[in-house]
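Participant: These are the residues of each chain, in order.
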Amino acid sequence: MSTATHSSAMTPQGYLQAQSRWHPLEIAFWLATLLPFVLFPDYLSLASQIAITALFALSLDIILGYAGIVSLGHAAFFGIGAYSAGLLAKHGWGEPLTGLVFAAAIAGLVGLAISFVIARFRHFTLIMITLGLGLLAFEAANRAHWLTGGSDGLQGVSMWPVLGLFKFDLYGYTAYTYSLAVLFLVFLGARRLINSPLGLALRGIRENWVRMPAIGADSQAHIRKAYTIAAAIAGLAGAVLAQTTESVSLESISFQRSADVLVMLVLGGAGRLYGGLIGAIIFMVARDQFSGIAPQYWYFWIGVLLVAVVMVLPNGILGGLSHFYARWRGK
Amino acid sequence: MSPPTQSKAPIALGTRGLSKSFGSLAVARDIAINLPVGARYALIGPNGAGKTTLINLMTGMLAPNAGQIFLAADDITALGPQERVRRGLARTFQINTLFAGLNALEAVTLAVAERRGQAGRFWRGVGSHSETIDEAYDILRKLKLGDSCYQVTRELPYGRQRLLEIALALATRPKVLLLDEPAAGVPPEESGEVFEAVAGLSDDLTLLFIEHDMHVVFRFASHIIVLVGGAIFTEGTPAEIAADPGVREVYLGKRKHG
Numbered sequence: 001m002s003t004a005t006h007s008s009a010m011t012p013q014g015y016l017q018a019q020s021r022w023h024p025l026e027i028a029f030w031l032a033t034l035l036p037f038v039l040f041p042d043y044l045s046l047a048s049q050i051a052i053t054a055l056f057a058l059s060l061d062i063i064l065g066y067a068g069i070v071s072l073g074h075a076a077f078f079g080i081g082a083y084s085a086g087l088l089a090k091h092g093w094g095e096p097l098t099g100l101v102f103a104a105a106i107a108g109l110v111g112l113a114i115s116f117v118i119a120r121f122r123h124f125t126l127i128m129i130t131l132g133l134g135l136l137a138f139e140a141a142n143r144a145h146w147l148t149g150g151s152d153g154l155q156g157v158s159m160w161p162v163l164g165l166f167k168f169d170l171y172g173y174t175a176y177t178y179s180l181a182v183l184f185l186v187f188l189g190a191r192r193l194i195n196s197p198l199g200l201a202l203r204g205i206r207e208n209w210v211r212m213p214a215i216g217a218d219s220q221a222h223i224r225k226a227y228t229i230a231a232a233i234a235g236l237a238g239a240v241l242a243q244t245t246e247s248v249s250l251e252s253i254s255f256q257r258s259a260d261v262l263v264m265l266v267l268g269g270a271g272r273l274y275g276g277l278i279g280a281i282i283f284m285v286a287r288d289q290f291s292g293i294a295p296q297y298w299y300f301w302i303g304v305l306l307v308a309v310v311m312v313l314p315n316g317i318l319g320g321l322s323h324f325y326a327r328w329r330g331k
Numbered sequence: 001m002s003p004p005t006q007s008k009a010p011i012a013l014g015t016r017g018l019s020k021s022f023g024s025l026a027v028a029r030d031i032a033i034n035l036p037v038g039a040r041y042a043l044i045g046p047n048g049a050g051k052t053t054l055i056n057l058m059t060g061m062l063a064p065n066a067g068q069i070f071l072a073a074d075d076i077t078a079l080g081p082q083e084r085v086r087r088g089l090a091r092t093f094q095i096n097t098l099f100a101g102l103n104a105l106e107a108v109t110l111a112v113a114e115r116r117g118q119a120g121r122f123w124r125g126v127g128s129h130s131e132t133i134d135e136a137y138d139i140l141r142k143l144k145l146g147d148s149c150y151q152v153t154r155e156l157p158y159g160r161q162r163l164l165e166i167a168l169a170l171a172t173r174p175k176v177l178l179l180d181e182p183a184a185g186v187p188p189e190e191s192g193e194v195f196e197a198v199a200g201l202s203d204d205l206t207l208l209f210i211e212h213d214m215h216v217v218f219r220f221a222s223h224i225i226v227l228v229g230g231a232i233f234t235e236g237t238p239a240e241i242a243a244d245p246g247v248r249e250v251y252l253g254k255r256k257h258g
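Keeping their order, the protein sequence lines are chains A and B.
Read in the numbering used here, the first sequence has 45 at position 45, and its numbers run on one by one without any break.
Read in the numbering used here, the second sequence has 163 at position 163, and its numbers run on one by one without any break.
Each hint should be verified, as a subset may be incorrect.
Listed below are the simulated DMTMM-like cross-link pairs for lysine to aspartate or glutamate, each with C-alpha atoms no more than 25 angstroms apart in a straight line [what the hints assert, rightly or not]: (1) Lys175(B) <-> Asp218(A); (2) Lys90(A) <-> Glu251(A); (3) Lys144(B) <-> Glu207(A); (4) Lys142(B) <-> Glu196(B); (5) Lys175(B) <-> Glu189(B); (6) Lys175(B) <-> Asp75(B).
Simulated from the structure, these hints should not be mistaken for laboratory data.
Let the hints inform the model, and build the full structure from the sequences given.
Facilitator: And the structure:
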């Protein structure tokens with residue numbers, strides 16, 4: 001109630017503009033991403049992996065969190081991006097930034113082609129289709145041993161220094177800087193998309209699939225656009241992983257990766273941009289810590305965490321926090 | 001074979017031989033309707049007469065087995081729902097079909113952005129589309145939703161949600177608007193408010209509404225179509241319908257006791 005009276009003094013345009021204004025907590029979050037350089041210099045490789053995974057989760061959030069398009073095969077695009085960047089570097093072009101553009105373009109093109117199927121289906125059918133396509137991509141990468149190295153992984157990827165200046169070092173200093181920079185720039189773009197008319201239309205699709213045609217909307221065109229963008233971003237994440245680790249493993253296109261990113265997004269809170277980022281941090285740190293205690297069973301604890309969060313906080317950790325924050329502000 | 005038209009005004013929406021059946025159940029039989037431009041038509045009939053089905057057929061949410069649908073002079077029978085909306089044929093729903101998690105301003109802004117062909121844009125903020133937002137807010141204000149437009153739809157009082165149904169349809173700038181029981185579920189003492197809003201719409205807008213409350217029908221309709229068992233039973237002015245003993249039997253009498 002208090003928010004309604006609070007905003008009634010605003011013009012409608014002012015209200016909508018305020019929706020996309022930066023919150024102080026957002027600025028604090030991004031400043032905090034610089035802390036690993038100072039506090040955990042031994043963990044920069046892990047920090048880089050987290051940033052890459054967060055980027056991957058962000059791409060899933062655009063289609064799942066905002067448009068409500070479920071995917072169980074999102075790793076296909078991550079893997080396509082990783083192999084594209086890896087193969088480009090292996091075959092003589094090790095320049096990272098053009099490698100990123102190349103990988104994003106390939107993943108985006110595949111995403112565009114598949115989006116014509118995806119946009120026609122919903123719910124359970126869609127889960128099965130994306131699951132099937134994901135498994136298909138995995139087996140294709142596995143069988144194409146001559147190209148991908150199959151289960152041995154893609155070896156011999158050799159990157160040139162970033163901007164001709166910064167070599168990927170053993171400590172992960174360049175890797176984390178690079179991953180974080182890509183994550184931040186893509187995040188700015190995603191944030192813009194979410195606050196754009198297309199972002200509003202995606203939320204409309206999520207909120208009421210039936211009403212959209214009745215307001216003259218071509219939902220399928222919106223979904224195709226968002227899906228292509230999400231696929232390109234996922235490909236970008238895969239490319240950053242391939243470049244910073246100078247290798248591509250079959251795991252990068254596996255079902256496990258598709259499942260993990262879904263778990264992260266649900267843990268953190270889908271449909272809030274930061275949910276995937278928070279989820280990725282929790283998931284990756286938990287994996288790092290738990291696998292130190294019991295390497296075989298670390299997923300047990302992720303399972304416990306997932307069930308607990310979904311039962312207690314249906315909108316994820318971030319959804320729960322914002323709920324308590326709103327109640328606290330309301331008092 | 002064409003049905004008698006009540007006025008010399010050009011036809012805004014027409015159907016010819018429109019039929020639909022689910023298996024052996026015929027839900028629309030050979031329906032021919034002509035809505036003149038600017039008309040205020042009511043569609044009445046007992047439950048299960050096929051009123052909502054007829055709206056679903058006209059708007060393309062159901063495909064007919066036979067017959068044609070015309071918007072002005074154009075045959076729109078083969079067009080999809082969103083294409084019909086873009087050409088000026090809008091509807092509202094008997095059961096609220098709203099964007100529960102958006103507020104009224106966002107929802108109507110989305111509908112206006114769709115009509116203006118801006119909804120595919122992802123490089124500019126919604127907040128910078130000032131004309132679109134102004135138009136959305138104008139629609140909301142005309143329906144007395146200006147004060148509650150920042151409230152999320154699922155938390156709006158039910159009567160306001162019914163008005164938002166109409167606001168979303170108006171945002172498409174329809175030439176023909178089909179209202180499926182616009183005051184459904186609204187307490188009788190408040191349903192007048194919804195129909196006052198309907199009556200206040202532009203005279204150029206052609207209206208067809210489904211309504212069960214006969215007081216409302218006689219007050220707001222210039223012409224009434226009675227649908228029974230998927231077919232047109234009769235049609236005429238409110239006075240003619242009120243005086244028709246057949247209508248009394250199949251519909252009015254039954255309603256008074258039911």
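Participant: List, from low to high, the hint numbers that the structure doesn't satisfy.
Facilitator: 5
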